[in-house]
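Given chain A, work out where chains B, C and D should sit, using these hints.
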Amino acid sequence: MTEFGSLRDVIADLVPDGASVAMEGFTHLIPFAAGHEVIRQDKRDLTLLRMTPDLIYDQLIGVGCARRLVFSWGGNPGVGSLHRFRDAVENEYPSPLDIEEHSHAGMAARYVAGASGLPFGILRGYRGSDLVKHTDVAQISCPFTGEELAAVPALNPDVAVIHAQQADRRGNVGLWGITGVQREAALAASTVIVTVEEIVDELAGNGPNQAVLPHWTVSAISQVPKGSHPSYSMGYTTRDNRFYREWDRISRDREVFARWVEAFILEQKDFEGYLSALDDETLLRRVVDG
Amino acid sequence: MTEFGSLRDVIADLVPDGASVAMEGFTHLIPFAAGHEVIRQDKRDLTLLRMTPDLIYDQLIGVGCARRLVFSWGGNPGVGSLHRFRDAVENEYPSPLDIEEHSHAGMAARYVAGASGLPFGILRGYRGSDLVKHTDVAQISCPFTGEELAAVPALNPDVAVIHAQQADRRGNVGLWGITGVQREAALAASTVIVTVEEIVDELAGNGPNQAVLPHWTVSAISQVPKGSHPSYSMGYTTRDNRFYREWDRISRDREVFARWVEAFILEQKDFEGYLSALDDETLLRRVVDG
Amino acid sequence: MGKGRAGANGYTSDEMMTVTASRFLRNGQVCFVGIGLPSEAANLARLTHAPEVVLIYESGTIGTAPNILPLSIGDGELAEHADLVVGVPEVFSYWLQAGRVDVGFLTAAQIDRFGNLNTTVIGGYQSPEVRLPGAGGAPEIASLAREVIVMLRHSKRAFVPEVDFITSVGFGPNGEGRAGHHGKGPTVVITDLGVLEPHPETNELMLVALHPGMEVARVRDETGWDLRVDPDLRVNQPPTADELGVLRDLKARTEQAHSG
Amino acid sequence: MGKGRAGANGYTSDEMMTVTASRFLRNGQVCFVGIGLPSEAANLARLTHAPEVVLIYESGTIGTAPNILPLSIGDGELAEHADLVVGVPEVFSYWLQAGRVDVGFLTAAQIDRFGNLNTTVIGGYQSPEVRLPGAGGAPEIASLAREVIVMLRHSKRAFVPEVDFITSVGFGPNGEGRAGHHGKGPTVVITDLGVLEPHPETNELMLVALHPGMEVARVRDETGWDLRVDPDLRVNQPPTADELGVLRDLKARTEQAHSG
Numbered sequence: 001m002t003e004f005g006s007l008r009d010v011i012a013d014l015v016p017d018g019a020s021v022a023m024e025g026f027t028h029l030i031p032f033a034a035g036h037e038v039i040r041q042d043k044r045d046l047t048l049l050r051m052t053p054d055l056i057y058d059q060l061i062g063v064g065c066a067r068r069l070v071f072s073w074g075g076n077p078g079v080g081s082l083h084r085f086r087d088a089v090e091n092e093y094p095s096p097l098d099i100e101e102h103s104h105a106g107m108a109a110r111y112v113a114g115a116s117g118l119p120f121g122i123l124r125g126y127r128g129s130d131l132v133k134h135t136d137v138a139q140i141s142c143p144f145t146g147e148e149l150a151a152v153p154a155l156n157p158d159v160a161v162i163h164a165q166q167a168d169r170r171g172n173v174g175l176w177g178i179t180g181v182q183r184e185a186a187l188a189a190s191t192v193i194v195t196v197e198e199i200v201d202e203l204a205g206n207g208p209n210q211a212v213l214p215h216w217t218v219s220a221i222s223q224v225p226k227g228s229h230p231s232y233s234m235g236y237t238t239r240d241n242r243f244y245r246e247w248d249r250i251s252r253d254r255e256v257f258a259r260w261v262e263a264f265i266l267e268q269k270d271f272e273g274y275l276s277a278l279d280d281e282t283l284l285r286r287v288v289d290g
Numbered sequence: 001m002t003e004f005g006s007l008r009d010v011i012a013d014l015v016p017d018g019a020s021v022a023m024e025g026f027t028h029l030i031p032f033a034a035g036h037e038v039i040r041q042d043k044r045d046l047t048l049l050r051m052t053p054d055l056i057y058d059q060l061i062g063v064g065c066a067r068r069l070v071f072s073w074g075g076n077p078g079v080g081s082l083h084r085f086r087d088a089v090e091n092e093y094p095s096p097l098d099i100e101e102h103s104h105a106g107m108a109a110r111y112v113a114g115a116s117g118l119p120f121g122i123l124r125g126y127r128g129s130d131l132v133k134h135t136d137v138a139q140i141s142c143p144f145t146g147e148e149l150a151a152v153p154a155l156n157p158d159v160a161v162i163h164a165q166q167a168d169r170r171g172n173v174g175l176w177g178i179t180g181v182q183r184e185a186a187l188a189a190s191t192v193i194v195t196v197e198e199i200v201d202e203l204a205g206n207g208p209n210q211a212v213l214p215h216w217t218v219s220a221i222s223q224v225p226k227g228s229h230p231s232y233s234m235g236y237t238t239r240d241n242r243f244y245r246e247w248d249r250i251s252r253d254r255e256v257f258a259r260w261v262e263a264f265i266l267e268q269k270d271f272e273g274y275l276s277a278l279d280d281e282t283l284l285r286r287v288v289d290g
Numbered sequence: 001m002g003k004g005r006a007g008a009n010g011y012t013s014d015e016m017m018t019v020t021a022s023r024f025l026r027n028g029q030v031c032f033v034g035i036g037l038p039s040e041a042a043n044l045a046r047l048t049h050a051p052e053v054v055l056i057y058e059s060g061t062i063g064t065a066p067n068i069l070p071l072s073i074g075d076g077e078l079a080e081h082a083d084l085v086v087g088v089p090e091v092f093s094y095w096l097q098a099g100r101v102d103v104g105f106l107t108a109a110q111i112d113r114f115g116n117l118n119t120t121v122i123g124g125y126q127s128p129e130v131r132l133p134g135a136g137g138a139p140e141i142a143s144l145a146r147e148v149i150v151m152l153r154h155s156k157r158a159f160v161p162e163v164d165f166i167t168s169v170g171f172g173p174n175g176e177g178r179a180g181h182h183g184k185g186p187t188v189v190i191t192d193l194g195v196l197e198p199h200p201e202t203n204e205l206m207l208v209a210l211h212p213g214m215e216v217a218r219v220r221d222e223t224g225w226d227l228r229v230d231p232d233l234r235v236n237q238p239p240t241a242d243e244l245g246v247l248r249d250l251k252a253r254t255e256q257a258h259s260g
Numbered sequence: 001m002g003k004g005r006a007g008a009n010g011y012t013s014d015e016m017m018t019v020t021a022s023r024f025l026r027n028g029q030v031c032f033v034g035i036g037l038p039s040e041a042a043n044l045a046r047l048t049h050a051p052e053v054v055l056i057y058e059s060g061t062i063g064t065a066p067n068i069l070p071l072s073i074g075d076g077e078l079a080e081h082a083d084l085v086v087g088v089p090e091v092f093s094y095w096l097q098a099g100r101v102d103v104g105f106l107t108a109a110q111i112d113r114f115g116n117l118n119t120t121v122i123g124g125y126q127s128p129e130v131r132l133p134g135a136g137g138a139p140e141i142a143s144l145a146r147e148v149i150v151m152l153r154h155s156k157r158a159f160v161p162e163v164d165f166i167t168s169v170g171f172g173p174n175g176e177g178r179a180g181h182h183g184k185g186p187t188v189v190i191t192d193l194g195v196l197e198p199h200p201e202t203n204e205l206m207l208v209a210l211h212p213g214m215e216v217a218r219v220r221d222e223t224g225w226d227l228r229v230d231p232d233l234r235v236n237q238p239p240t241a242d243e244l245g246v247l248r249d250l251k252a253r254t255e256q257a258h259s260g
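In order, the protein sequences belong to chains A, B, C and D.
Note that the first sequence covers residues 1 to 290 in this note's numbering.
Note that the second sequence covers residues 1 to 290 in this note's numbering.
Note that the third sequence covers residues 1 to 260 in this note's numbering.
Note that the fourth sequence covers residues 1 to 260 in this note's numbering.
So that you can see chain A by itself, here it is in the shape it has in the complex (with noise of 0.2 Å):
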């Protein structure tokens, strides 16, 4: 049954060293304070599964909690690259970071063989494309037709986190607007953390019988209000789109980086602290001038 508890709580009790988990939000709905969690209490060698890593991994990874990166596009959208994903990749810092990596339909497929319980997905894709020479795609042919098709391994995290508006008190979820990929990979997950906006008595969504998850597929639920910052949750908060410009100058330098995680992530008690902290300007100036 779903437990409700304070995302320190969840964090700690739900998300081993070493696990591979799928933080999970395709722009919309990203679960940025469950990640500033994971940066909080120091994990490690975390194989992070995510369609499109976004500023939340770029994150994890700059600060070390990553061994292994499995993805389809890692970059900082509309605005360019994620610095700290590149000097993983480039420059092994801070550690050397594995990449798996895939096509945007090739994932989808592999979480949908997840949720579905199957061993793989097959899709038309990856035709002509160097990635198959490095990742781990084969090819099948249509019993029927003799056509041959791709087949990607099914991808089942060990625990899968979204970030939702709203959950009941019995623990059904409710996410509406861009759905992305999070209820494949939470059905496929072995263990599903969810963040929330608002614990309502009746979903709203957008009419009867929107529960997305329902209670019993859900481990443990948290209230977090903004707890999608810098991406957004429709109806309740709007994507800051400012921040996610700034990310490039304070992702680019190492040392800036490392200010800001000080600053913002771990001096900070919860997320909380963290959005109180964005308010201060001045903060965010002392941080990028040193």
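Treat the hints as calculated values from the structure; they're not laboratory data.
Positions of the beta carbon are idealized from the N, C-alpha and C atoms, including for glycine.
It is possible that some hints are incorrect.
A short, non-exhaustive set of chain B residues, derived as facing chain A with CB atoms under 8 Å [claimed, not checked]:
1) ILE122
2) ILE140
3) PRO153
Capping the alpha-carbon separation at 27 Å, the derived lysine-lysine pairs in DSS-like fashion look like this [claimed, not checked]:
4) LYS184(D) x LYS133(A)
5) LYS269(A) x LYS226(A)
6) LYS251(C) x LYS133(B)
7) LYS184(C) x LYS156(C)
8) LYS184(D) x LYS156(D)
9) LYS269(B) x LYS226(B)
Using the frame of chain A, we list chains B, C and D on its own:
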């Protein structure tokens, strides 16, 4: 682009003799009006596809429109047999009926493959079932684990026919409640016919972005209020359970069935006529009593 | 004791069957429910000792708590009272196939001594004597649910040595067992006369419990093979007043709603 | 004429590129749009000559008509103005893979003379000089869209004889062609200098049109292979006042919204 037209014109234009036609609907939103129009226009040699044939196919089979049936469960839900279907299979009356049967999971996987543009779908299914001796299922090995799974060929109807609650004036289609396999059937088909309860300025559905089929995937739309009777259209009509029970009596006898089709379908100009005929209690009595 | 009329004990054999079946469902279990007898028993369980049971119907209604019994698998009642409603492809892929179902609750036209179920044809496949509705969701439920509960009225026509067609596998045509399946198969068969369970070694269904007032001879007589009887044969508890009251209320509500 | 500043003609080379690209999109086409330059051109088309173009972004937003350009592929703006929003698995399976996309609109860090695209690494894969974001949706868009339009600013670093890594295939490493693919591949490449198209026989990209005021020598100079020039070299029409006005309004609205 979507055309709006009378059901008579739409069926005349888009359902040729010999076509494979999927009139889908999982108890809910069954496109009876379209089925009646097919009967009125005396279409022949159809291959009927449908997970749950229900009364609509009992009628089509009973009048001899169908040459072949592909299905996974052919009963009168909660009542018993489909007598016209049984008469066709057991006694080749009114004509022989080829059948190809699957499990629900297999049929669903076939439609999903069809909608996905894949030649086949995979599932952990049919194991130990005699179905494999009589239907089109292959074995396939997982290239990563070696596990043996079932493969089923994609199902791509020539024509899909569904009933929905709403369409907007651009032709976007909205449906909700139990949605069955309708999206997949429609997206797998070459031609998509939709009957709707109502044409609206803006889809109500359940919040924004609730079009289930965008206008450019829909060939033709015809407004037919109560067009799912005796099935139902959530939010518009309720299921006529009494009719389902009466059907047992109507369909059990070849003569009664023939009289019923004559009186309720062939002698009616359209579905509105059928609905009016239902209000005339004496008509049914005359049909049953001969 | 007639099947439809309350006997001297104040309940019918169908009621006894439903109540007994409902007791096999444990609170919090996830149950994939077939329409008819299974649906009745599963909802009785939900309304009595297992309020947190999660009922899934193949129409895609998950965690549903209908006020009345559905006549069909896709009644609006199921959608209106569900935690979520998903498409039919998803209910089989993300939910059943993924191994999320504890109990599959099935019925059939025929069952054989190894728990194989037939809902396809009586007689040969090509020219059947009786064409039955077919497989529906049953083959995969039988294979993939952690365990399967079967409900079926006892009769020689229904309890046959070998089914005419294995629609949904139990322990295989010769009781081979469950290799290749993710679930344990039919762990219990509840009838209007008693309860059968597979023998732990041979997988042959044997009589393990009688309903009150039933006799072994009658059960053997209604069974198409030489039915073995568990040496520790039990007698089931009759329905409690609560069970009976809740069941009858449910059926009365249902009848009233469906006659509308 | 600088890339960011309007030149003597009253428009920038980036504007010329976007306007030219937008003209390749026809009304009613279904277009799978990448973020950045393609998104700008596709929306310009929608707001000018192609109001019924259907824009699909890989975030699952289908038939979307944003008022401002999205900064990311999953901006709320895209969801709010979409005909429907589907999950990411579905956008690739039911929509792209099913062959519903007429035009894939892509960009890349590198393109080679056979239209192959690189968004993965500069240098070797194991120890790259520059690690780029990776594939995203591009490999399947490149393979499966009926045709592909590429937008990319001209430079020797971008237009290379052979890409360091084929992320998304054009006509293959040696211009082999499109066997095994459902789409025709890159039918046109629009840059800030002009337009390239594959030679009908060799599949090698050749210069078929110049933007007004550009010279062949400059284009050849910015291209990393010995660029062939179509004997019937055209000169593109400059942006109309309407195109320019709509584009600038769109960008001004966008800037204002994103600086909030």
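Distance restraint between LYS269(B) and LYS226(B), which requires alpha-carbon spacing of 27 Å or less = 16 Å, holds
Please work out if LYS269(A) and LYS226(A) have their alpha carbons no farther apart than 27 Å.
-> Roughly 16 Å separates the two Cα atoms, so the pair holds.
Holds or violated: LYS184(D) with LYS156(D), Cα cutoff 27 Å?
-> 26 Å, holds
Is the straight-line distance between the alpha-carbon of LYS251(C) and that of LYS133(B) 27 Å or less?
-> 40 Å, violated
For the hint on ILE140(B), just tell me whether its beta-carbon gets within less than 8 Å of chain A.
-> 6 Å, holds
27 Å limit on alpha-carbon distance, applied to hinted pair LYS184(C) and LYS156(C) = Cα-Cα ~26 Å, so holds.
PRO153(B) as an interface hint toward chain A, with CB separation required under 8 Å | 5 Å, holds
Starting from LYS184(D), check that the Cα of LYS133(A) is at most 27 Å away, please.
-> 24 Å, holds
With a cut-off of 8 Å, does the beta carbon of ILE122(B) approach a beta carbon of chain A closely enough for the hint to hold?
-> 6 Å, holds
Of the hints listed earlier, the one the structure fails to meet is number 6.
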